[in-house]
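Colleague: Sequence:
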Amino acid sequence: NAPFLEAEVPEEAYDACTILYAFGHVPHSGLRKQWLRKVHQSLKPGGLLLFDVFNLNDRYEWGPSALKAYERLSLGDQGYERGDVFYQRTGGKETAFLHYFEEPELRALLAECGFRVERLLHVGYTHRSGQLLQEPDAGAFFVQAVKD
Numbered sequence: 090n091a092p093f094l095e096a097e098v099p100e101e102a103y104d105a106c107t108i109l110y111a112f113g114h115v116p117h118s119g120l121r122k123q124w125l126r127k128v129h130q131s132l133k134p135g136g137l138l139l140f141d142v143f144n145l146n147d148r149y150e151w152g153p154s155a156l157k158a159y160e161r162l163s164l165g166d167q168g169y170e171r172g173d174v175f176y177q178r179t180g181g182k183e184t185a186f187l188h189y190f191e192e193p194e195l196r197a198l199l200a201e202c203g204f205r206v207e208r209l210l211h212v213g214y215t216h217r218s219g220q221l222l223q224e225p226d227a228g229a230f231f232v233q234a235v236k237d
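Residues are numbered in our numbering as their position in the sequence shown, beginning at 1, plus a constant of 89.
Mimicking EDC-like on lysine to aspartate or glutamate, the simulated pairs with C-alpha atoms at most 20 Å apart in a straight line are:
hint	residue 1	residue 2
1	Lys133	Glu207
2	Lys127	Asp104
3	Lys122	Glu191
The set of hints was computed from the structure by calculation and includes no laboratory data.
Treat the numbers as computed from the prediction; the structure is a model and nothing was measured.
Please build the complete structure, drawing on both the sequences and the hints.
Modeller: What follows is the structure, encoded as structure tokens:
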């Protein structure tokens, strides 16, 4: 996170930015806003942001279980955000962070940072990998947003 936020990025220099399988690993809502604002500054007017994030309500992922634990253990009182998950890969020793998003949260975050959502798709990752899904409780979000 820090290397990107500290990087010198020219303003209004790019037509598009892609953030794939990375944005959900930014560990706090404040940092996520900083990321998006920096991307916004780097894009030309009308520039595109294309990225993916995990869906908190995806019944094929950890999101629903994480939400239940968040509520049951009152994790918000301990400084965690709704959708935060810590995990270890099978056989791994390092703990990793991942934030799962709900659609209204994601849309509000993008709007606050100067983006308009043009398209939000549900794409299968663990279930029907690579396919567009119609169910709101299936698949990760793939977002196409434009700099306002």
